[in-house]
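Here the sequence shown stands for residues 339 to 630, numbered as in the numbering used here.
Take these hints with a grain of salt, some might be off.
[As the list claims (entries may be wrong)] Once the Cα atoms are required to be at most 27 Å apart in a straight line, the calculated DSSO-like pairs of lysine-lysine come out as:
| # | residue 1 | residue 2 |
| --- | --- | --- |
| 1 | K356 | K427 |
| 2 | K356 | K454 |
| 3 | K356 | K389 |
| 4 | K425 | K404 |
| 5 | K454 | K425 |
| 6 | K425 | K356 |
| 7 | K482 | K567 |
[What the hints assert, rightly or not] Computed spacing ranges between beta-carbons, pair by pair:
| # | residue 1 | residue 2 | range |
| --- | --- | --- | --- |
| 8 | E529 | R587 | 29 to 35 Å |
| 9 | K531 | L439 | 40 to 46 Å |
| 10 | A380 | Y350 | 29 to 35 Å |
| 11 | I349 | D390 | 20 to 26 Å |
| 12 | L348 | K521 | 52 to 58 Å |
| 13 | I437 | A588 | 42 to 48 Å |
| 14 | G364 | K435 | 20 to 26 Å |
| 15 | A428 | E550 | 37 to 43 Å |
| 16 | T367 | L439 | 15 to 21 Å |
| 17 | G364 | E529 | 24 to 30 Å |
| 18 | G364 | H594 | 40 to 46 Å |
| 19 | R587 | I349 | 24 to 30 Å |
Simulated from the structure, these hints should not be mistaken for lab results.
Every residue gets a Cβ at the ideal spot worked out from N, C-alpha and C, and that includes glycine.
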Amino acid sequence: MNFATLRDPLIYYKEYLKIKGHTQEGIRTYSDRVTYFLRKAAKNIRDITTKDIENFIKQDLKRGIKIKTIKSNFWALNSFFSWLEKKEKAILINPLKNIELPRDEKRIIQDVITEKDMERLIEATETRRDRAILEVLYSSGIRKGELYKLDLNDVDLKSGYLFVRQGKGNKDRVVPLGKVAIKALKIYLEERKRKSGHSNALFLSNYPFYAERMNFRITGEIIKRYADKIGLKVSPHTIRRSFATHMIRAGCDIMHLKEMMGHSKLDTLKVYIKLSCIDIKGEHKKTHPRGR
């Protein structure tokens, strides 16, 4: 491909989007966002680095651009550079590959449930498998995608650990499990032994027959069903965020929590620390003789 001008790669890219079935409006939106970034970067496409993308995001944050818009720009750029890398072989690596998007703190605060509600959610489960899934998610704080990839040999019930393989950023890590989650897993695995499935996956679908690895989307569907049952709005990530918030409130060391959650930067946990500080401030105001 000739990268002499900005226009040439975008023409090819728009053709690619058209073949993929994107609408004219969608193609124009993606193209406009890519054009905006490339003009700001003022560099040859092959020379654009992860640092350039991160600086672009920081500038938009300083300008007060909404997180939703920044994320939309990010996914447009990710699509473009992924096309250059995988389809056109025009660049060696997508510079957006390992970038963590900024988080909407307001949304995160709204997306945390109380310990009592978490207990209600778990108690609402109707099968041993479903209870084990919720207990593991809440006890370990792992992501939905990490849960469904777990194999039987990734669980050490005796020591109380999960081995998470190829998590976000393709990193492996070891995560502790609490006593309640271990108990729920033991009960589920005893039942699993008696079923017909021969898969090595930890969590299997087609309950109660357990024929194959649980589908990636099933976790969200399971949680939504029980959340609806008790009148809550909960997703797998709600449980992960609640795990982090509850751990910090209980005094968990922030560096240990970072390792457990598989984050590469401490910045990602700032919002949870802020949530904990809000709780402390509220307690101070409520109980201190000169704070009321």
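To see whether the hints hold, each was checked on the structure:
1. K356 - K427: At roughly 19 Å apart (the allowed maximum being 27 Å), K427 and K356 satisfy the hint.
2. K356 - K454: violated (49 Å)
3. K356 - K389: Distance of about 30 Å is beyond 27 Å: violated.
4. K425 - K404: violated (31 Å)
5. K454 - K425: violated (49 Å)
6. K425 - K356: Holds, at about 15 Å.
7. K482 - K567: holds (21 Å)
8. E529 - R587: 29 to 35 Å: holds (34 Å)
9. K531 - L439: 40 to 46 Å: Since K531 and L439 have Cβ atoms about 42 Å apart, the given range 40 to 46 Å holds.
10. A380 - Y350: 29 to 35 Å: violated (21 Å)
11. I349 - D390: 20 to 26 Å: This hint holds: roughly 23 Å between Cβ atoms.
12. L348 - K521: 52 to 58 Å: Since the Cβ atoms of L348 and K521 sit about 57 Å apart, the hinted range of 52 to 58 Å holds.
13. I437 - A588: 42 to 48 Å: With Cβ atoms ~31 Å apart, the hint is violated.
14. G364 - K435: 20 to 26 Å: For K435 against G364, whose Cβ atoms are near 23 Å apart, the range 20 to 26 Å holds.
15. A428 - E550: 37 to 43 Å: 39 Å Cβ-Cβ, so the 37 to 43 Å window holds.
16. T367 - L439: 15 to 21 Å: holds (18 Å)
17. G364 - E529: 24 to 30 Å: The hint (24 to 30 Å, Cβ to Cβ) is violated, given that G364 and E529 are roughly 46 Å apart.
18. G364 - H594: 40 to 46 Å: Taking Cβ atoms as reference, G364 and H594 lie about 43 Å apart, which means the hint holds.
19. R587 - I349: 24 to 30 Å: With Cβ atoms ~54 Å apart, the hint is violated.
Hint check: violations occur at hints 2, 3, 4, 5, 10, 13, 17, 19; the rest are consistent with the structure.
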